[in-house]
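Novice: So the chains spell out like this:
Protein chains: 2
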Amino acid sequence: MEQILKGVKILDFTQYKAGPMGTQILGDMGADIVKIERCGGGDLERSFSAFGMVTEGGDSPFFLAMNRNKKSLALNLKTPEAKEVIYKLADEADVVVQNFRPGVLKKLGYGYEDFKKINPSVIYCSNSGYGLDGPYVQRPGQDLLAQSMSGLVLMNGTEENPVAVATSVADAATALYLCIAILGALYHKKNTGEGQEVDVDLLSSTIAIQQEEISAYLNLKPRPEFKRSKTGLAAPWNGAPYGIYRTSDDKFIALGVIPMEKLAKLIDEPDLAEYKTLEESFAARDEIRQVVEKHIRENTQKYWVDYMLSFDVWCAPVNTYEEMLNDPQVVHNQNIREIEHPELGSIGIITTPIRYAKTPLKYDMAPPLVGEHSEEILKSLGYSKEEAAAVISRQEK
Amino acid sequence: MEQILKGVKILDFTQYKAGPMGTQILGDMGADIVKIERCGGGDLERSFSAFGMVTEGGDSPFFLAMNRNKKSLALNLKTPEAKEVIYKLADEADVVVQNFRPGVLKKLGYGYEDFKKINPSVIYCSNSGYGLDGPYVQRPGQDLLAQSMSGLVLMNGTEENPVAVATSVADAATALYLCIAILGALYHKKNTGEGQEVDVDLLSSTIAIQQEEISAYLNLKPRPEFKRSKTGLAAPWNGAPYGIYRTSDDKFIALGVIPMEKLAKLIDEPDLAEYKTLEESFAARDEIRQVVEKHIRENTQKYWVDYMLSFDVWCAPVNTYEEMLNDPQVVHNQNIREIEHPELGSIGIITTPIRYAKTPLKYDMAPPLVGEHSEEILKSLGYSKEEAAAVISRQEK
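Respectively, the protein sequence lines represent chains A and B.
Using this note's numbering, the letters of the first sequence correspond one by one to residues 2 to 398.
Using this note's numbering, the letters of the second sequence correspond one by one to residues 2 to 398.
Read the hints as simulated data drawn from the structure, not as lab findings.
A hint or two may mislead.
A pair holds if it fits inside one copy or across any two, identical chains being indistinguishable in the list.
Simulated crosslink set (BS3-like; lysine-lysine; CA at most 25 Å straight-line) [claimed, not checked]:
id : residue 1 : residue 2
1  : K359      : K107
2  : K359      : K10
3  : K108      : K359
4  : K10       : K190
5  : K359      : K117
6  : K359      : K191
7  : K228      : K303
8  : K89       : K386
Quick caveat, the model's predicted, so the values are computed rather than measured.
Excised from the complex, chain A in its bound form (with noise of 0.2 Å):
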């Protein structure tokens, strides 16, 4: 059972959460990649507190999350060995992916035009924050920034309050949308043998995952008010009874689309089922939902999600992460792992939820610290143990 990118060679630059997120599932796939890092801190996510916190390592629980499968090579991309290494490792390399600000590697001697030089076929993938060009080319570029730009925001909130989604959904789907870009281009170079560049970014990626609202927006004639509901349905467009809902002993269920008769007959409200089109039902959508409401808050949790799924309802319990981790289904699928750091002990990591039957993922590499494998790196290019040793100590300057 060999891995599906087993042999690939992956020179990567990216920092944060966007890059590291996606190159670590071509990791996961068996890419052997090559993690360049500051000397010192390196990437600046190890520093990105938590609730104000970082874990006993000094490594943030974030970067742990995202760089498994992944050998820290530490170095100075200023200086002219820095630029030695890492033009020897692009001689070999599949794909350089990089997240700086547009223009930066390039002006340091990385730019796609220079690595092709030494090797005409590689891939070079950027992720940026807006675009390798246009009028936000030099603006900062960052999750919270594309999902406010991307109207996201605007939706997610309350008329009142609008808030961005909490968790970095701008940063999640451009790093899936970046390692889409990387096997489309690698399956086009295994075709062809050739590279070229390719480029991603955060805000066409958030803007992407709202395609259905946007068409929504586009297409639909009248145009409607994109206004949420008053009584707090999950999305502007959703009729009710779709949302979350409190039940007797202090926790929610969700409850998705059900047909108003349908919904009338469950909880034994017979008016509702006088709603007879969905444009009826979603004009009514915030009387509606009072009414469910009302019903739910009777009875416990555990209550209506059996007697929901009884009748093949939309309906789940909402969990607290302690209740998703012990879930039945969340441990058969194996979705949490754990994994040996050299620092920490036993951590656990989050595995990529695809399941080949041939060629499993796998989970053997602990996100690295600093540079922990220069010297292996090096050596590997043909430097002698005193060299690397050399090289190393020189960069930490």
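Take the given structure of chain A and dock chain B to it, following the hints.
Specialist: Frame of chain A; chain B shown alone:
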């Protein structure tokens, strides 16, 4: 400039969002996709209403968003005649992809083993709610339910009112993982000639995009309380000012991570510089937010965005869809294009956010009508015009 997946044949049984959004990317890359639909209504997404509405042509705007570059073949899967047609198509297919509930297609004679007999190197990709086995295999799987079970909903709302993310991120994430799964399998097939089964699911994908937060839950010691701030920052783990702020013109801006010392100078509040550590400023996040809020309300959105960007601070306007669509960078990036639909005239589509220098994505085939290509596809399998017409009329009965 040949397209990446030119010549790759995909037999697509998927409906709703996660499947069609994933396979559409493969179509944009040039794959030849035959979408198998129910006679009559077709993909259930066609009748999925937004704001209680569908388009004038009768199809949901959601369907239009996710089904370009596909040919529609309408069949009644339960008939022997449909099976004959599908098996003929399977003979040349590289990929079969489906998102029926686990076991349903297999029972009808369209499982992996059935197709493998005809075509040993076929890739068979399944998308389900929770995986192909395990305790929830027979539960309905759907975006809202996956968001709720994964822990995302409790992160996203306020403590009092948890709310689902206002776009179907569980579906979108699964679509992208599905696309990655297929591209990986195609690469392996190109390399080795070998096909295989692969599957993805909504719940696992929604967990995976929260890998930062879940890693914090698993790996921070002591484990912090995963509670939202009282004043509404973007996520439970965010310190101030990270979040959305109202401006004097009743618009909003987003402010990302800003070191306290810099923030103190930017809004002329020297006291803020007294928070020296991340722990301190995290603990005081609600107080800090209120100080920032007061200042931001004193000036317009444009003022603040210009001011903050002049210091290279993570700042952006919070756009409506109208503002986003007219944003000069969105126009520059061509995130939205127009395409001619057989019934609706010109419709707006949202492009796939990947730019290849040598193998550009294409957007030339509108989302099909149900069975629009049935005759063409049957004829390509060797049926005469008359035979094709007879099959179509028998299938529609």
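Novice: Now, for every hint given, state plainly whether the structure supports it.
Specialist: Hint by hint, here is what the structure shows:
In this assembly of identical chains, K359 and K107 lie within 25 Å of each other by CA distance solely across copies; the values are 20 Å between and 40 Å within a copy. In this assembly of identical chains, K359 and K10 lie within 25 Å of each other by CA distance both inside one copy and across copies; the values are 21 Å within and 21 Å between. For the homomeric pair K108 and K359, the shortest alpha-carbon distance between copies (23 Å) is at most 25 Å, but the shortest distance inside one copy (43 Å) is not. Proximity of K10 to K190 under the C-alpha cut-off of 25 Å is found in both arrangements, the shortest distances being 13 Å within a copy and 19 Å between copies.
In this homomeric assembly, K359 and K117 come within 25 Å of each other (Cα to Cα) only across copies, at 14 Å, whereas the closest approach inside a single copy is 34 Å. In the homo-oligomer, the alpha carbons of K359 and K191 lie at most 25 Å apart both inside one protomer (20 Å) and across protomers (15 Å), since each shortest distance falls under that limit. When the C-alpha separation of K228 and K303 is checked against a cutoff of 25 Å, the pair qualifies only between copies, where the shortest distance is 23 Å, while the shortest distance within a copy is 32 Å. Taking identical chains as interchangeable, the C-alpha atoms of K89 and K386 lie at most 25 Å apart only when both belong to the same chain, with a minimum of 17 Å there against 61 Å between chains.
Going down the numbered hints, you'll see the structure goes against none, and every one checks out.
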